[in-house]
Structure formats: C-alpha cells, structure tokens
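For the protein sequence lines, the chains are H and V, in the order given. Position one of the first sequence corresponds to residue 1 (full-length UniProt numbering), numbered consecutively onward. Position one of the second sequence corresponds to residue 1 (full-length UniProt numbering), numbered consecutively onward.
It should be emphasised that the hints constitute simulated quantities derived from the structure, not laboratory data. In this text the structure is predicted, and so the values were computed from the model without any measurement. Be a bit skeptical, because a hint or two may be false.
As the list claims (entries may be wrong) - Derived DEER-like restraints, expressed as beta-carbon distance ranges: (1) H:Ile401 - V:Val38: 41 to 47 Å; (2) H:His304 - V:Ser54: 37 to 43 Å; (3) V:Leu46 - H:Arg117: 30 to 36 Å.
Stated by the list, open to error - In silico DMTMM-like links for lysine to aspartate or glutamate, alpha-carbon gap of 20 Å or less: (4) V:Lys81 - H:Asp572; (5) H:Lys293 - V:Glu79; (6) H:Lys291 - V:Glu90; (7) V:Lys10 - H:Asp288; (8) H:Lys192 - V:Glu14; (9) V:Lys10 - H:Asp300; (10) H:Lys293 - V:Glu90; (11) H:Lys140 - H:Asp115; (12) H:Lys573 - H:Asp624; (13) V:Lys10 - V:Glu90; (14) V:Lys22 - V:Glu79; (15) H:Lys621 - H:Asp572.
Here a beta-carbon is modelled for each residue, glycine too, at the ideal position from N, C-alpha and C.
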Amino acid sequence: MAVKLLKSKTGEASSHKYETLLKLTILSLGAILSFSTRLFSVLRYESVIHEFDPYFNYRTTKFLAEEGYFAFHNWFDDRAWYPLGRIIGGTIYPGLMVTAAVFHYVLNFFNFLVDVRNVCVFLAPLFSSFTTIVTYLLTKELKNESAGLTAAVMIAIVPGYISRSVAGSYDNEGIAIFCMLLTYYFWIKAVKTGSIAWAAACSLAYFYMVSSWGGYVFLINLIPLHVFVLMVTGRFSHRIYVAYSTLYCIGTILSMQIPFVGFQPVQSSEHMLAFGVFGLAQILAFIDYLKSKLTQEQFDTLFHAVFSLFGIIVIGAVSVLLITGKISPWTGRFYSLLDPSYAKNNIPIIASVSEHQPTAWSSFYFDLQLLVFLFPVGLYVCFSNLNDANIFIILYGITSIYFAGVMVRLMLVLAPVMCIMGGIAVASLLGKYIKDIDQGSKSHEKKTVKGRDSQQSQSRRSEISMAFVGMLTFFMVMYAFHCTWVTSEAYSSPSIVLSARSYDGSLIIFDDFREAYYWLRMNTPPDAKIMSWWDYGYQITAMANRTILVDNNTWNNTHISRVGQAMASPEDKAYEIMRELDVDYVLVIFGGLTGYSSDDINKFLWMVRIGGSTDRGSHIKEQDYYSSNGEFRVDREGSQNMLNCLMYKMCYYRFGQMYTEGGKPTGYDRVRSAEIGNKDFELDVLEEAYTTEHWL
Amino acid sequence: MATVGSVVQKFLTEYGNQTPKKLKIVDAYLVYILLTGVVQFAYCCLVGTFPFNSFLSGFISSVGSFVLAVCLRIQVNPENKSLFSGISQERAFADFIFAHLLLHLVVMNFLG
C-alpha cells in the first residue's frame, strides 16, 4: 500500500531513485563479498604467495618494480635453466606484472608504502571485485538488470573462479577472467550499437587480454565463430560488419605488440578462423552492396563470373601457403584440446601436469553446484528470445562446456558463463512467479470485480508461486553455503605451508619448504647450482635466489629429460650426468615421514617416463622400475633399479632407522604404506647437506 | 541474358547518378587506400619479407584504414539510418577519428 501511495504522489522519480540505490547496494555488497571470501588463507596463515607459478610472477614483478620497464622487456635470466638461460622478456605475458607494478607505483606515489609482495597477494581478489561489476554490465546487455545483479552475486562466490584467484594465487588467470569478460562486454555493446567507438574499445580490452593470458586464443576463435554463426543464420547486418572488421584490424595489430605472441596472428593455424571470417565478412558486405544496386539477373551474371575467378585464386593461394609451410600447424597444447589423447601419447610433459587432466563429473558439481542445473534453463530462456547477443552467449556456453570437460584447468573459463546463464535463468523464473504473487494480493482488494472461479485460481496460483519462490530462495542459500565451504576447505591452502592436526587436536604447521629455501639462501655460495625436479624451480629462484637447472616453464624437454635420467639412474651414472651439468646441490621433497603425498617418490614414475623419452635416456625403461608382478613398490618387492636409483637413495638415506608410526617397523613409509626395501646404505657420491625439521 | 561488360557499365552509370557527393568522396579515398595496399603487397612479393614487422605494420595500416573508411561510409549512408539509430553523422566521424588514432599509434610502434 505504501509503495503504491509513493508512486502516485511523487511519480516515477522516487521509485527510480530507490531502484538505483538498491542496485548500487547490491553491486557493492557483491564486490566486497568477492574480495573477502578469497581471504581465508591470509587469515589462517599469513600473506604469502601460494603454489609454484606465482613465485615466478612475483620475482618478475619485483624486478619490474625495481628496474623499470625497459630492463624488464630486455631481461635475459641466467639464473634459470643453468647452461641455457631464459629470455624472460620474450617468453611471458606481461599483463599481470605490469598491472601489479602500476598499482604498486600509484600507491607508493601517494605515500601508501605497500610492499610489492602485498600488492601481488591481494591483486587477484581486487580484480575479482571488478569481475563482479563487469559481469553485471555484460548480463544487463544480454537480458536485463535483474539478471545482471543475480549473475554478479553468483560469480562473486562461484568456486570454479575462486580456485584460481584466492589471495596469494598471483597467477595470470586472476586478471585474465576480468579482461575476458570486459572484452566480451565491449563486443556485445559493439554488436548491438554498431558503433566504431565500442569496437575500438573492444580491441583495447582484447589487447589487455592478450597481454595477460595464453587463453586469449579462445577469444579470437569465439568471436569469429559468433560472426560466422550470424552469417549462417542470416543475421549478418552492417552493424556486425562494422564491429567485427574494426575489432579484427586493430585487435590483430595490437596483439602483435606482445613479444611472446609475435607474428602468430598471421601465421599460426589457431588464428586462421579469425582471418577467414574477416575475409568472408568483406565479401558478404560487398555482395550486399552490389545486390542493393543491381537487379537480380544482372547480379547473377556478374556473380558467376567473378566468383569462379576469385575462388580459383583463393584456393590456389591457400594450397601454396600450406605446402610451403608458411602456415604452421596447431601447437601441442591446443591440439590436445581437440584430441585429448594426443598429449598422453606424444608429449609426456603436457600429460603429466595434473591441471591438464580431463575433468571428472564430480568436479563440475563441486565447482558449480546449483549452476549446473540452472545452465540448461538459462539456455532455454536464451533460445526463446533469440537475438544477436544471445547467440553469442549460447556459443560461449557450449564451447566452454566442451573445453572444461577436456581439461580441469579450463573450468575457470566455464564458471563465468555458468553464472551468466544461471543469473538469466533465476531472474526470468523469479520474474514470472513473483508477478503472480503480486496479482494474488491485489486480487484481495478487487474481490467484487472478479468472479468466484477466477479468484480461486488466482489464490491457487499465488500459493504455487510462493512455494516456488521459496524453493528457489532455499536453493540459492544452499549455493552460498556450499561455495563458502568449498572455498574454506579446498581452495585456500597455500601449498607452501602445510598444516595437520595432531592426535591431541593441536595444529602442527609444516613450514619445511621455506625452511629449506632459506637454508639454501644463507648457507650456499651465491653461484651454487641446484638440481631438483622442475616443480620447485620457480620457488628456488624466487626464495633461495640460486641458479637452477629446470623450472616450471618446461620449455626444454631435453634438459628436463636429462634431470630425469639423473634422478632415475644408479649413483655412479647419475654422478656423470651431474658433473656434466655442474650441479652443486640436489634438492628432493620427501613425504614419507609426515604423510605428505605430493612428494618426489610419487612423481618418480613421471621422471622415468620423461627421462626415457629422449635419445640419451633410451636405456631408462619404465618397466624396469616396477616390481616383478608389475606394481610400483618401494619395499623388498621393489625392483633393483628402483631400490638403487639416486632418487630412492636420497629420499631414504638414514630413514631406515626412523620410527614413523607406532606399531610399525623402522623405515615405514607413511605415504606408500610400506616398509622400505633398501635400508642401510651409504651414499657414495653425495653428502647429506641439510634435512628440514619434518624430513620434508 | 546480359554480358558481364554491360552489367558493369550499367552499374557504373547508376552509381554515378544515385550516390550522394559525400559518399563519392569516401569512395575515392577508398580507392586510394586500396592502391597503397596493393603496392605494398606487390613490393613484398618481389623483394621478400625481411623486416616482417615493418611490412605487416604498413600493410595492416592500409587494410585498417580501408576497413575504417568502409565502416564510416556505411554509417553515414542515409539508406542505413534505421540500423544505426543512436549514431549521428558527427558521432560516426568522431569514432572514425578515434579508431584511426589508435590504429596509427600502434602502427608507429610496430614499424620498428
């Protein structure tokens, strides 16, 4: 009643103000929520950088903040990949580092003395707040404002996105999702208005995206695919032509400014779809123009003559280019998306990364919960009012579902579109049913006007609507609980600091990683070379500041294979390899005492596979490291090759005398649940330099 | 059944009569840009692609200018007014200038 009075007295203006206030409140609450839900690990441990890759990004950002952009752009790093070095300026996506350095510079300029590390740790949550706002804008363009608000709050807490953007996870994906959604927003705006300004803004956002993540290839294939589908369905209009042509021209030359991308946009197959659609757009626009000027039969004659000539030229040119090899075929990483078995058979390194494995069904529910069920509803709503923008979001949804099924890591690309579809679904459902509730209460006042039957069906309808709205609200509340629980339990561990509960409930912190790196930093000569498996490379260079042989960049398979051979060979052979590579120290991670299961012995089979995959390592065969009945074991049943190799000896040196668990014999490995086979041995060529507190 | 020649002839006469003056100016500009693009491409075919970035930046500059001028022509053409409802002629030209600025900035950077 009060709202009705208000509307009639002050007119539309006041309710409009209330709406704006409500919108702003919801959006800012969503942004704050997305920032704060990512702070679990900072509250539990400290503000530290997580995992492996972020350490490299942190080191490069520190370098950029201290030395400036020119030194950064031309940096040649001689502390990684020992004899080879690495051209950092040309092999990274600088967007993340430049963004963090800019924030650092601006904050320090205004005398807020924030350390580079803290800027890095909190950058991802900050950008997730921005993502919330951009999702609102994008969904508002696709459907309406209520869908926008729903999608914004959904993406604030969706676990699929949180997993790669917690505070401390300083990795490319943290800002890449923001750039991607920004590019999509500008693209939809350009498609809807057909203005060159929006298309130019889209190409600027695309440039930002290219500078931040290798996944930009997804964009440069999705947008042309959208244009192609519009052509096929007969919706190709002048607006689309203006939007796409401007975007392609300016965007391509902008993307070539990043040294890592180089000339790929005109040479590699991954970009050929964009180029093809560009050519097709020109042809179609020209044909449209001719059609508007000529009559049908004149047009036909001209068309036939020109078409055959042109077609012959194009086919000839393309075949010449393909034969001479100017257009390179798809690179391994992207080819494995189309053919998931390619990596497993041919390139063991790509196959061994756990993030590149296919996704299990449970991960979809774990990461997205309610959205999995809302997605088809959203699709249906989009199909029922089909326009240019909706076709785009449908394509985005379908392609990202396929790719998320191929690689776990790409769940991240699926999360935003799930939220958008979920937002559209919830908004349209609630919109339909809440209206019925309103009619229910209004009908109480108009009793005299309506007949009895319709009044009864009105109240029945309002009851059903109330029940439905209540159910949907319950689902949304459950979604919020689930997301917060998942974030707290699964995605907030820094990986570099571990914790466990002891038998009396107190918390034990394993800070062994940092302890080991700090020991290296303080107790070894500055030009010492460390050999370890490639997982720890970035962390060693960042925290221990020593030269390493191989790191997470994994660009040189032969070098990594050499290290794998050294780890898998018996001591004397390994000594030769280590001498050849000038190794001073060897680092291994061992979880047998604490029960930490991601240690080097569990990764050992991958070392064997990669070590045996090149010429010089052909004497290393995976079969030799299995026991006689084909199992991978470290106890008495294990193969002789396994029990005498370098990795085994380094991990289990002096372990034979350790009591690890009550009631078990000495030398009991808690991860493999076995008593080790080769207990009392001496190391011939290596000396134990340092073992951390928990033998990690 | 008309031959290709007569069709082209008819098209040219109709073009001359019916196109407004503004659009003809844009069309002349388009032909000029097309010529510069063709010359660059022919040079590249003859002499080779050695400073590939220079060739690319020059060629993309031609292509980009061509495309932007076509977009301007589409937006300014009174027949298309219904499609571009929010965009006045001045706005179309301003957008064109903005995109050109961006394009040439990048081209300058990429020339090397």
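We went through each hint and held it up to the structure:
1. Taken as a hint, the range 41 to 47 Å holds for the pair Ile401 of chain H and Val38 of chain V, whose Cβ atoms sit roughly 45 Å apart.
2. Between His304 of chain H and Ser54 of chain V the Cβ separation comes to about 40 Å, which falls inside the hinted range of 37 to 43 Å.
3. A beta carbon spacing of about 55 Å between Leu46 of chain V and Arg117 of chain H contradicts the range 30 to 36 Å that was offered as a hint.
4. For the hint linking Lys81 of chain V to Asp572 of chain H, the alpha-carbon distance of about 82 Å lies beyond 20 Å, and the restraint is violated.
5. At roughly 12 Å between alpha-carbon atoms, Lys293 of chain H and Glu79 of chain V fall within 20 Å of each other, so this suggested pair holds.
6. Straight-line distance between C-alpha atoms of Lys291 of chain H and Glu90 of chain V comes to about 28 Å, which puts the hinted pair past the 20 Å bound.
7. Taking the CA atoms of Lys10 of chain V and Asp288 of chain H, the gap is near 17 Å; set against the 20 Å cutoff, the hint holds.
8. Proximity of Lys192 of chain H to Glu14 of chain V is assessed by CA-CA distance (about 32 Å); at most 20 Å being required, the pair is judged violated.
9. Taken as a hint, the Lys10 of chain V and Asp300 of chain H pair is honoured in the structure, with Cα atoms around 14 Å apart against an allowance of 20 Å.
10. For the hint pairing Lys293 of chain H with Glu90 of chain V, the CA-to-CA distance comes to about 26 Å; that exceeds 20 Å, so the pair is violated.
11. Taken as a hint, the Lys140 of chain H and Asp115 of chain H pair is broken in the structure, with Cα atoms around 37 Å apart against an allowance of 20 Å.
12. Under the criterion of a C-alpha separation no larger than 20 Å, the hint pairing Lys573 of chain H with Asp624 of chain H is consistent with the structure, at around 16 Å.
13. Taking the CA atoms of Lys10 of chain V and Glu90 of chain V, the gap is about 33 Å. The hint is violated against a cut of 20 Å.
14. Only pairs whose Cα atoms come within 20 Å are accepted, and Lys22 of chain V paired with Glu79 of chain V is accepted, the gap being roughly 13 Å.
15. With a C-alpha separation of about 18 Å, the suggested pairing of Lys621 of chain H with Asp572 of chain H holds against the 20 Å cut-off.
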